[in-house]
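Number of protein chains: 2
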Amino acid sequence: MSTLLPSRPPRAVVLLSGGLDSATTLAMARDSGFDCYCLSLDYGQRHRVELDAAARVAKALGASEHRVLRMALGEFGGSALTDNAIPVPVDGVQPGIPVTYVPARNTIMLSLALAWAEVLGSRDIFVGVNAVDYSGYPDCRPEFIAAFETLANLATKAGVEGAKLTIHAPLIDLSKADIIRHGRALGVDYAVTVSCYQADEHGRACGICDSCRLRREGFSAAGLGDPTPYLISPQESTRRPELP
Amino acid sequence: MSTLLPSRPPRAVVLLSGGLDSATTLAMARDSGFDCYCLSLDYGQRHRVELDAAARVAKALGASEHRVLRMALGEFGGSALTDNAIPVPVDGVQPGIPVTYVPARNTIMLSLALAWAEVLGSRDIFVGVNAVDYSGYPDCRPEFIAAFETLANLATKAGVEGAKLTIHAPLIDLSKADIIRHGRALGVDYAVTVSCYQADEHGRACGICDSCRLRREGFSAAGLGDPTPYLISPQESTRRPELP
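Chains as they are written, first to last, in this note's numbering: chain L, 4 to 247; chain W, 4 to 247.
Chain L on its own, in the form it takes in the complex:
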């Protein structure tokens, strides 16, 4: 007599910052049938409150596990997100690579996801990078993701032994409005996410950094209500704020 065992869903490692994009990515990974293991990095970012948001998002979207690894990238400096001496720009998205770029951050985060995936026996990594309504970061481009996937298959025991590792970047070609529409359809509660580069300890957003601007414009273009508690309203956004 044979017994049919239910097959276990495949595992995926999902990089989760706690922002809008990574929350949507997690919802999409789950919707594709993956058992999701979420990884966040406490790298000395100014907006550490996003890590609390990541924990809420992982729980709300049914992740099997959520880990926060510590890695003091702030010791290297070189970014407005890790060095308090470099102000976060608030005058609107400019051409070129902004000072909020954190050197090699996505390479480091994908490398850590790769390590965990290998231990979990997972062949799938999800990352919420986006090359449309984004901030001009080099490590958010499709060619970067493709190069990392090539590397992953050469770097690991799994790859060498013939398992194909895939780096999924399901948002890469979507506008911010489309990302929000997808997430809403999958039940993402954006009120628990934090995108702002300089959110206060309560998770309130400045309203005027690049990340707030892209988020706000995304909700507006999607024709959906924006649940974000902005400290500066759109009407006031030409004024400089006094942030804590």
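What the hints contain is simulated information worked out from the structure, not anything from laboratory work.
Treat each hint with caution, since some may be false.
Identical copies carry no separate label here, and so any pair may be met within one copy or between two of them.
Straight-line distance between alpha carbons at most 20 angstroms, and here's what the computed EDC-like set of lysine to aspartate or glutamate pairs gives [to be verified]:
1. Lys160 to Asp86
2. Lys167 to Glu146
3. Lys167 to Asp229
4. Lys160 to Glu78
5. Lys160 to Glu146
6. Lys62 to Asp192
7. Lys167 to Asp127
Position chain W relative to chain L; hints supplied.
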């Protein structure tokens, strides 16, 4: 009147584990005219004493700076080097990828070196991987290094802005004996290095793990005296040791 300023030597980031290979790599980088910034990773390795060795090596070989970053890869487990429940093999180098392989370790270390290089304005990263007398790790192969170099140039602001980043792996085609001969010629004192996967807190080597075997055979093939304090002598190496 014009003043001729002496040109500063270019900076390089050198990954330094504290073992024989990375010490030789540092000596070669310095010999090539680079101003060397050494990076070690405290990742929860069994043989943490190698980090003390790294500090001694960096000092002895005139590095401008030596940083040790902490990153708890041990939390992922999956390797005899980070999980005390998995014994280090001592029965000789076997075909295939051994349990001392740490998932994605070289990818992670190169990613961190890339971040620091970008902040330092360095275009050169040195890593002591070797594909001849090595332990069968996938991330020690030339195709892995080439893929990481491609990635590095896509991942970073420097790469996008036209600077060519180079990953130097000067040992990749050398035998262990040739590595030792090169290092000796450049003044490396191998007595301060630690290769053993389970060295004790005094830096004494077991003598029978894969790393000890490769090191010992390298000195023998090079016809040079081996300064390593092995706990088990070559004659005894079929016997199992009682390690602390």
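Consistency of the hints with the structure:
For a Cα distance limit of 20 angstroms, the shortest separation of Lys160 from Asp86 across copies, 17 angstroms, qualifies, whereas the shortest one inside one copy, 37 angstroms, does not. In this assembly of identical chains, Lys167 and Glu146 lie within 20 angstroms of each other by CA distance both inside one copy and across copies; the values are 18 angstroms within and 17 angstroms between. Neither within a single protomer nor between protomers do Lys167 and Asp229 lie at most 20 angstroms apart by alpha-carbon distance, with minima of 39 angstroms and 42 angstroms respectively. For the identical chains of this complex, Lys160 and Glu78 are inter-copy neighbours only, at 19 angstroms across copies versus 31 angstroms inside a copy, given an alpha-carbon limit of 20 angstroms.
Only between protomers do Lys160 and Glu146 lie at most 20 angstroms apart by alpha-carbon distance; the minimum there is 14 angstroms, versus 24 angstroms within a single protomer. Only within a single protomer do Lys62 and Asp192 lie at most 20 angstroms apart by alpha-carbon distance; the minimum there is 12 angstroms, versus 53 angstroms between protomers. Taking identical chains as interchangeable, the C-alpha atoms of Lys167 and Asp127 lie at most 20 angstroms apart only when both belong to the same chain, with a minimum of 9 angstroms there against 30 angstroms between chains.
Checked against the numbered hints given earlier, this structure breaks only hint 3.
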